[in-house]
Every structure is written in structure tokens, then in C-alpha cells.
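Novice: Let the hints inform the model, and build the full structure from the sequences given.
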Amino acid sequence: MKFLTISGPPSSGKTSIILKVIDAFKQRGMRVGVVKFDCLSTDDDKLYEKKDIPVRKGLSGSLCPDHYFVSNVEACFEWGKELDLDILISESAGLCNRCSPHIKEITAVCVIDNLSGVNTPKKIGPMLKSADVVVITKGDIVSQAEREVFASRVKHVNPKAVILNVNGVTGQGAFELSSFLYDSAEHETLKGKKLRFSMPSALCSYCLGETRIGDEYQMGNVRKMDS
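As numbered in numbering that gives the first Met the number 0, residues 0 to 226 make up the sequence shown, in order.
It should be emphasised that the hints constitute simulated quantities derived from the structure, not laboratory data. Hints are supplied without guarantee of correctness; some may be wrong.
What the hints assert, rightly or not - In silico lysine-lysine, DSSO-like type, Cα no more than 30 Å apart, as pairs:
id: 1; residue 1: K122; residue 2: K154
id: 2; residue 1: K122; residue 2: K193
id: 3; residue 1: K103; residue 2: K192
id: 4; residue 1: K103; residue 2: K25
id: 5; residue 1: K159; residue 2: K103
id: 6; residue 1: K56; residue 2: K192
Specialist: This is how it looks when you write it as C-alpha cells:
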């Protein structure tokens, strides 16, 4: 089974892009499923169900969403194999810009939109920097000059990535993206594979439920700003 990780900031257009790409995959006769990882709530699973796409939803709640992802992704992979899927897509909002839900040897896509600002690419971190493909959305809303500047900023952050412009509404560019993803390698398991970037080092009193502010309440892995 082919496995793909697609991540990006909230509201960048990930779900719309995935739906268009799945339409292109279906034209090739491929059976595709989606695992949707989010934090507090999402109705995107209903959009997939409406189009008869097998979907599984996971909400991290009070846990770090990317830690939640890595703790559950292997079981989700096995779920996709049980359904005899040709392709399983993992969709993650990547709410922690320090983290990255991308896995070594697994094709990684980052979705980012033109409306987020030209300085956004350098703020996103490993989610963008370690991606194989960067999909830029909402290009129809900005000028050609703005699109070119934004794309150049993305290229500066990740010079090795393939950069594609895809319209999540019309589907323009989705077939090109699906053709690139179609060549992804197949995998029997995720067990033992490694993340492309480490998670943050954090085990402090706030991780364990502390809510009070003050040095006396701060224990564990704590870092202070330089004075």
C-alpha cells in the first residue's frame, strides 16, 4: 500500500486538495482512504464519507496533536491494509509548527496558501522544510507578482521540493499532483520507520496539567528567555 502524509496550517486548503487528488486517483481505478488527524473538532470526515471515501478520524484533545499522530499512525496504516486500499492519505493540520508529521521514506506533502503572507514559509518549520512536495493554494485570489514572490520564498526554505500550484475549488493542478504521488513507493509496514524531524523536548509541569503562572510552579524541561 502507498502511504502519503499531507500536512499544512489550518484552513490552507488541505481537504479540498485531497478530495480533488482522490478524484484523479479514482480515474486510475485506485481505492483510496484517508485518516484525518485534528485537535479539537472537525467535520471533514463527513466530506469524505459523502464521496464514499473510507475515512478514520482522530482528535488529539488535550494532547499535542503531532505526538498524538505518531502514537496512532501505525494502527491507522494497518487499518488501511485491512481495507485493501491502494493508497492511504494521512491529513494533519500540523498545529505545532515545530513538529513535522512527515516520515522518512514516505512521500511528504505540505499545503500552504498564498493568503498567509510572504513571510509565512520561513515560520512553518520542518513541516515545510522536510516536505517532498509543496502545494501552494489560493493563487487565483492574488496577483501574478504575489504568486511568484510567495513561490520564491517557499523555494528558499525548501530548495529540493517540487512546488505545485493547485486550485482546491476547480481542481486545476490536481491531476499533475496525483501523477507525482502515484509514483510513490509501496510499504508493508510503518513499524521501525523514523520521523523526518524530532518532536520538541518537553516534559514540564504544564504538560502534566499545571495551570498556575510563576517560577515556583514550573518544573521539568523549562527554558527562559535571555535577559
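Novice: Now tell me, hint by hint, if it's right for this structure.
Specialist: Hints, verified against the model:
1. With a C-alpha separation of about 14 Å, the suggested pairing of K122 with K154 holds against the 30 Å cut-off.
2. With a C-alpha separation of about 23 Å, the suggested pair K122 and K193 falls inside the 30 Å cut-off, and the hint holds.
3. Our distance criterion of 30 Å between C-alpha atoms is met by K103 and K192, whose separation comes to about 7 Å.
4. Between the alpha carbons of K103 and K25 the distance comes to roughly 26 Å, so the proposed pair stays at or under 30 Å and holds.
5. Only pairs whose Cα atoms come within 30 Å are accepted, and K159 paired with K103 is accepted, the gap being roughly 15 Å.
6. A C-alpha spacing of about 22 Å is found between K56 and K192, which places the hinted pair at or below 30 Å, so the restraint holds.
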